[in-house]
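Q: Could you build all of it, start to finish, from the sequences and the hints given here?
Number 255 marks the last residue of the sequence shown (this note's numbering); no jumps.
Check before you lean on any hint, since a few could be wrong.
Stated by the list, open to error - In silico DSSO-like links for lysine-lysine, alpha-carbon gap of 27 Å or less:
1. K12 to K90
2. K3 to K86
3. K18 to K181
Simulated from the structure, these hints should not be mistaken for lab results.
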Amino acid sequence: MHKLLALNQKQKMVLQRKTEEATMATKRLKDLLEAKKSTRDAHGTGASGIQALMRTIDDELEVTVRAYELRSHYDRQIQERATISKEIAKLKECPEAMSPSARSSRISALENMLSSSSSAMVSMASQLSEAEERERVFSGRGRWNHVRSLPDAKNTMNYLFQLASSSRCQLHDKEVMCIEKDLIIGELKEKVVALNGRTRQLEAQVNDLHNQNMQLFAAMNNAKKSGRASRRDTTIDPEDGQIYALRKAVFSHVA
Numbered sequence: 001m002h003k004l005l006a007l008n009q010k011q012k013m014v015l016q017r018k019t020e021e022a023t024m025a026t027k028r029l030k031d032l033l034e035a036k037k038s039t040r041d042a043h044g045t046g047a048s049g050i051q052a053l054m055r056t057i058d059d060e061l062e063v064t065v066r067a068y069e070l071r072s073h074y075d076r077q078i079q080e081r082a083t084i085s086k087e088i089a090k091l092k093e094c095p096e097a098m099s100p101s102a103r104s105s106r107i108s109a110l111e112n113m114l115s116s117s118s119s120a121m122v123s124m125a126s127q128l129s130e131a132e133e134r135e136r137v138f139s140g141r142g143r144w145n146h147v148r149s150l151p152d153a154k155n156t157m158n159y160l161f162q163l164a165s166s167s168r169c170q171l172h173d174k175e176v177m178c179i180e181k182d183l184i185i186g187e188l189k190e191k192v193v194a195l196n197g198r199t200r201q202l203e204a205q206v207n208d209l210h211n212q213n214m215q216l217f218a219a220m221n222n223a224k225k226s227g228r229a230s231r232r233d234t235t236i237d238p239e240d241g242q243i244y245a246l247r248k249a250v251f252s253h254v255a
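A: Here's what the structure looks like:
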């Protein structure tokens, strides 16, 4: 029962952490969409120039990234909830899997986990729907309303190329870092294997020494017992000593 309670608590904490992360991602996207809407209402579509183009592109990319982040959290939560639902169904279909009290406790804990994440799922779905609607409105020509001339188009293409090349370079750097970390992890794993082998050798040596000590202790005890028995065999009985003394006195007197 204690193991089951520990499992429930661990799973609850993991789901709670994921739900909190999803809630923060939802808030980031919501705040971003509201900020972009306010900016668009304040400035309208009359802004022009390369700075306005760059700002528009940055805004669109940021919304896309935040929406992708939230979608990832949402999909993971869907999978997590599906796994929990399957376990609940299995426990209800197979009551003999565990004791009635343990089964009831497990089902209750799992159902509470589903309930606690339901509101977060609703919020995520709402924000994703809003982001998708925004994407539908801004797709096509709506996204490029600021591009009104050939120079604007060239500036936009140059800026997009800079962003793409910068992202590729950052990705390359991260790939190199991942390769280096993988090498370090591989070396550490080899050291762990070697240490485990050395630990087993030391444990075997300790066991051998313990067995030798036990054998030596037993031999010493046997030697002590044998010594005491030998001394008892060679010791003269007091009565025998008295008889011997009397005989010696008699013979000396006769002589």
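Q: Tell me the hint numbers this structure goes against, listed in increasing order.
A: When the structure is compared with the hints, none of them turns out to be violated.
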